[in-house]
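In the order they appear, the protein sequences are chains A and B. Counting from 7, one number per residue, gives the positions in the first sequence under the numbering used here. Counting from 7, one number per residue, gives the positions in the second sequence under the numbering used here.
If you're looking for bench data, these hints aren't it; they were derived computationally from the structure. Do not rely on the hints blindly, as some may be mistaken.
Intra- or inter-copy, both count: the list cannot distinguish identical chains.
What the hints assert, rightly or not - Straight-line C-alpha distance at most 25 Å; calculated DSS-like pairs for lysine-lysine:
| hint | residue 1 | residue 2 |
| --- | --- | --- |
| 1 | Lys255 | Lys415 |
| 2 | Lys479 | Lys42 |
| 3 | Lys222 | Lys385 |
| 4 | Lys385 | Lys103 |
| 5 | Lys282 | Lys210 |
| 6 | Lys43 | Lys175 |
Number of protein chains: 2
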Amino acid sequence: MRSLLLLICGFISITAQAQLQGFSKASAAAQLALEKKFDEQLKSSNVDEYLKQMSSRPHHLGSPGSKAVAEYIAGKFKSWGYQTEIETFYVLFPTPKTRLLEMIGPKKFTASLKEPALKEDATSGQANEQLPVYNAWSADGDVTGDLVFVNYGVPADYEQLEKLGIDVKGKIVIAKYGRSWRGIKPKVAQEHGALGCIIYSDPKDDGYFQGDVYPKGPFRNEYGAQRGSVEDMPIYPGDPLTPNIGATKDAQRLDRKDAANLLKIPVIPISYADAKPLLESLEGPVAPEGWRGALPFTYHIGPGKTKMHLKLDFDWKIVPCYDVIAKLTGSEFPDQWVMRGNHHDAWVNGAGDPLSGQSAMMEEARAIGELAKTGWRPKRTIVYGAWDGEEPSLLGSTEWVEYHADELKQKVVLYINSDGNERGFVDVEGSQGLENFFNEISGDITDPQTGVSVRERFVSKKITDASSAKEKKEWMEKKMVTMGALGAGSDYSPFIQHLGIPSLNIGYGGEGDGGEYHSIYDSYDMYSRFKDPGFVYGVVQAKTTGRVTLRMADAELLPFDFRIVTKKISGYAKELMETTNEMRDATVTENKVLIEKYYSLAADPTKTFIAPKPKEEVPYLNFSSLQNALTALEKHSNQLAQILDNPSLSAEQKNKINTQLYKAEQNLLLSNGLPRRSWYKHSIYAPGFYTGYGVKTLPGIREAIEQRNWKEAQDMIEQTAATITQFSNYLGEIK
Amino acid sequence: MRSLLLLICGFISITAQAQLQGFSKASAAAQLALEKKFDEQLKSSNVDEYLKQMSSRPHHLGSPGSKAVAEYIAGKFKSWGYQTEIETFYVLFPTPKTRLLEMIGPKKFTASLKEPALKEDATSGQANEQLPVYNAWSADGDVTGDLVFVNYGVPADYEQLEKLGIDVKGKIVIAKYGRSWRGIKPKVAQEHGALGCIIYSDPKDDGYFQGDVYPKGPFRNEYGAQRGSVEDMPIYPGDPLTPNIGATKDAQRLDRKDAANLLKIPVIPISYADAKPLLESLEGPVAPEGWRGALPFTYHIGPGKTKMHLKLDFDWKIVPCYDVIAKLTGSEFPDQWVMRGNHHDAWVNGAGDPLSGQSAMMEEARAIGELAKTGWRPKRTIVYGAWDGEEPSLLGSTEWVEYHADELKQKVVLYINSDGNERGFVDVEGSQGLENFFNEISGDITDPQTGVSVRERFVSKKITDASSAKEKKEWMEKKMVTMGALGAGSDYSPFIQHLGIPSLNIGYGGEGDGGEYHSIYDSYDMYSRFKDPGFVYGVVQAKTTGRVTLRMADAELLPFDFRIVTKKISGYAKELMETTNEMRDATVTENKVLIEKYYSLAADPTKTFIAPKPKEEVPYLNFSSLQNALTALEKHSNQLAQILDNPSLSAEQKNKINTQLYKAEQNLLLSNGLPRRSWYKHSIYAPGFYTGYGVKTLPGIREAIEQRNWKEAQDMIEQTAATITQFSNYLGEIK
């Protein structure tokens, strides 16, 4: 049972008992002593220094600043004793040549598309090197059309528009940031025939409604705008021209027009100062309550007399992408890699995103380097990756992973990702067999603000936020940091979703309020004032990811517990079966409501209302293969746990088992990948096709059900059951 | 079973079967023929004419306009053949002499307290006769203090303030309109030691967030402000100086300082144009998300440098209050009264509130008068009451009811109230024994916009608004207009809550959007443009209330079905038992969370957070007397239903039973009334002590539980059980 009992008994410090998952009693004491020395090395002043230095000028992909940052990081790693190289890929990266957004009727207004410099923010005036406000991977275009407000621009919003009799075909849409990854908005707009797409930050979600705006407070001011990628990453991330292969200098490239993850329409992000006159001028129906933001007027949907002209032109250049790779070779298992990663490129100065995470990772690496200088060596090789080009589309990590795929599938024991980091609560997502392992660690790290463990603080937050007494009680009993499933949005994506390599994403947050995201105000001044004053949580992050790295590097038996994975997958499967049943009931009811015309009778006859058509009824799906596969998996994961619990396992046996354990998750890959996006191979986790960052568990089945594609749902049940059976059989053979 | 089966079978027109609740088959046909003639009389052009005439100048209590309106109504009733008189009471009514609200720091700003005239609104410029923007029954006062924003100013908001370490003692509070009856806001502020209270209309709840503002659209513009009473009506309504007795010229009056329903602090309502500079200037913590409105800045709570000066002075005059009482004497039972009522006084011109209801009632009365001219007479006496002084505190109705209490308890079979009326859906609340009766009527009236019955349209709306498939299914099966319980807020209050007289409140609404409430813009121009163009729903309302009146006046057997009452009370009791159990569980959990300090650990240490103290645990209450009383009531109400269903009842027997039926509800009165507010005697329905308009069912028990007063809760269980037993025994003896 390992530490499960301990966790149930409450926040007992595990340190006192010198018992660690993956370690014998004797070696646990040594490991804890090592970690104590590691902790003593960590200095917030160093985190401050790295962050200040690297954020001192804009450093987006392809810029001189980015090269300088890569070289700075490489230099540091070298000086700390790592075998370091900069590995360069050559990737497509569009930057704007023309950006014009103007209202041409009923009044004339030209959007400023500009964030002004502030005297309170030292780097905000570096206009020469700043990437202007734009969405990378927008198409070139010169379009004119009537404006329609589409709320968050997700599929449900278009269903609502249909009921109101509004079609966006041949029009330009304006959508709010939020509720989905930004790339979904132009994708869905394009599917509905829109000519162009504007995305703006509404002050309700990201501005004065949330709190005082910059520079008085941390929230987005009226001119702040959110840059960001709109590549269709749910199809595949990375270089659009080189799916599945590394974008080396001489790689075979697609023609740009054939890249399946590129948009056909132009799209631009704007501030609420720029959005205000457009929205205020709209006519047509008043927007439904949930659509309205915090601008001081009545939100209308349009269309009406408001006509927009959008002209965008980009420089579609191939640019170098500098990944810094640093290694500390393992003493016993040099070909088993524990890998850490964080990107280094930013949209502008990127103090928070990504440098807060990068700086913490560097301080962690320095401290491990210091340990190595004392003669200690990790059993397994520790590899650091500082990725370039994450912002446009996870370029540095994806190209590197695609290029080294075969080696990585053999060698990587765990990939531990981080990104922006700030004051607050620990958050972890990823390969859920490590949930107990992570709880052991998070129970052993002290939160600097409260003096309790970061695990206890996490649980306190869950108890506080729980909406019912029942839920509070459950959290007080559970007392665990729950490990969420991984969606998309940072560099773990190619590791876990393309290759099935166990991955975690770890960071702190929740108390570093702000609206600096992807703006020129994501600066050292802003970060040090609002996000992590004193860089205290930079050190906590280094302690956390450092422990994960060190324990995985030194473990005698890798601490994977597949019983947890079994439980989580069974939970997802149960949820899907329930969802299907609920959809069946709801469809019958909804169709009856429609046939009896109740919606039309309730509607205000003075307003347009077009009742939707009844939907095809939901058939009964055959889930038995999935259920049987899960039953077998439960048996095999329990058997494996017994084998791992055997105290008389020899070192040799453990070493053999380890090589099997860390490759287990690869058995969950679908050989052909997911429908219509074969790059995504994991059968349990994927980003949503129509949500973006948000994870969809059992994605092949779930999305087919959501799209009411019953044939595909049944087919994906069988395919997923087959991968689970393969995984289960694999576990059954470990010994 | 009477018509229950019919209702279950769907929207079958009852007309075709010439079967009506309370009528034999033979007389049902005659009744339906009568109602057909009645319908033919109703003319929207008359509703238009009455409304236009009466809203042509301001007509608040005590004004020349009010006297003119009373005389106009009396003249009309006389001309339609009613025995009509104006009955005058003499009531206290404060009107403003001084109104000054100014911000004296950090900047100077004086509130305009003024709604400007609009060229699109013909009566908006009648400044000479308009009551200015104020809250009636505010105390006189001249206070200066720091400003604190208290959200909606209800008790839960002060709990939140306590957690934030903010005390309003010695300060001036500003609260938003909404979430409670307005009088609760200064009452709770006063209980917490505030010096004064400002109430404003936030554009989120009542302004541009909702839709286009007047005169472009119907919603409240930036200068619109909501007048209204802040008398503590949950203690007692009516003249503060004459509780329980009629305010006749020579009635014995309390000294004003001894009136328990008068405030001690000054309070004033303002527009959002006036509120904006005050709120924008506030400092202190950012308001919690649910507190923020739609003004374009960050909402702070204060206190800080924002200092207010509020000076109010009133003319506390005794004024005449003109109730118009019109009778059409019954041919068989002149001493059984079916009574209709609607107030005629307004805050200003009051086209919607109350004249839309008043005009519909007048057209109904005219049509009945026309029927009478053909020789027909109702069996029972029909009485119309057009009340004065409803706006300040239900003055006209309360004083009249208190004065005539003994007679009314003997004679009134049913009081049918109405107030503002507009385009939309039927709404009915009141004595729930009439639920089936009302469904028969609402199934027989055609909605002019859709051509289906108003019952079917009501059900369509419920289905549309239901949030789950389960709920939609339930509504499709039920297909009934559910009758809600009556709280407070219009002239039924003294009838049902003080005397236990069966009462209904009936009106249409939900499609007459607007923000004209209690402003100078509640005008003929506004009403006819936005609330009920063509006065179509004025006629529908007259058809509905006219049918209720005619059928109750002519019924052979009064259509009360106390099985429904039993079911509803049992539901409320069950709810209370469940609530108590949930509170018990929640208190245990909450106390554990507090003792373990989870809230404090989760709180952001850079912000003030004061954890509340653990609460006394919830004891088990003894509900057995209530449960036993309800068991007996079920038995007796079933027995009574059998007696009433007997087809061989003689006319004489029916007449005898009728006199017992309509007085039954009086048995539900508590002899001493509710704790701390003995004017309220009904044991099943009362307005909430801390919510105002909103009904509290089983109020004695429920409010004691909510206030965690366990001793009183147990005491009120016994008292309520005793009234239910008395009611049950009474029903058991009807024959």
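Results for each hint:
| no. | hint | result |
| --- | --- | --- |
| 1 | Lys255 with Lys415 | within (24 Å within a copy, 97 Å between copies) |
| 2 | Lys479 with Lys42 | neither (34 Å within a copy, 62 Å between copies) |
| 3 | Lys222 with Lys385 | neither (50 Å within a copy, 75 Å between copies) |
| 4 | Lys385 with Lys103 | neither (51 Å within a copy, 87 Å between copies) |
| 5 | Lys282 with Lys210 | both (13 Å within a copy, 17 Å between copies) |
| 6 | Lys43 with Lys175 | neither (63 Å within a copy, 54 Å between copies) |
Checked against the numbered hints above, the structure breaks hints 2, 3, 4, 6 and satisfies the rest.
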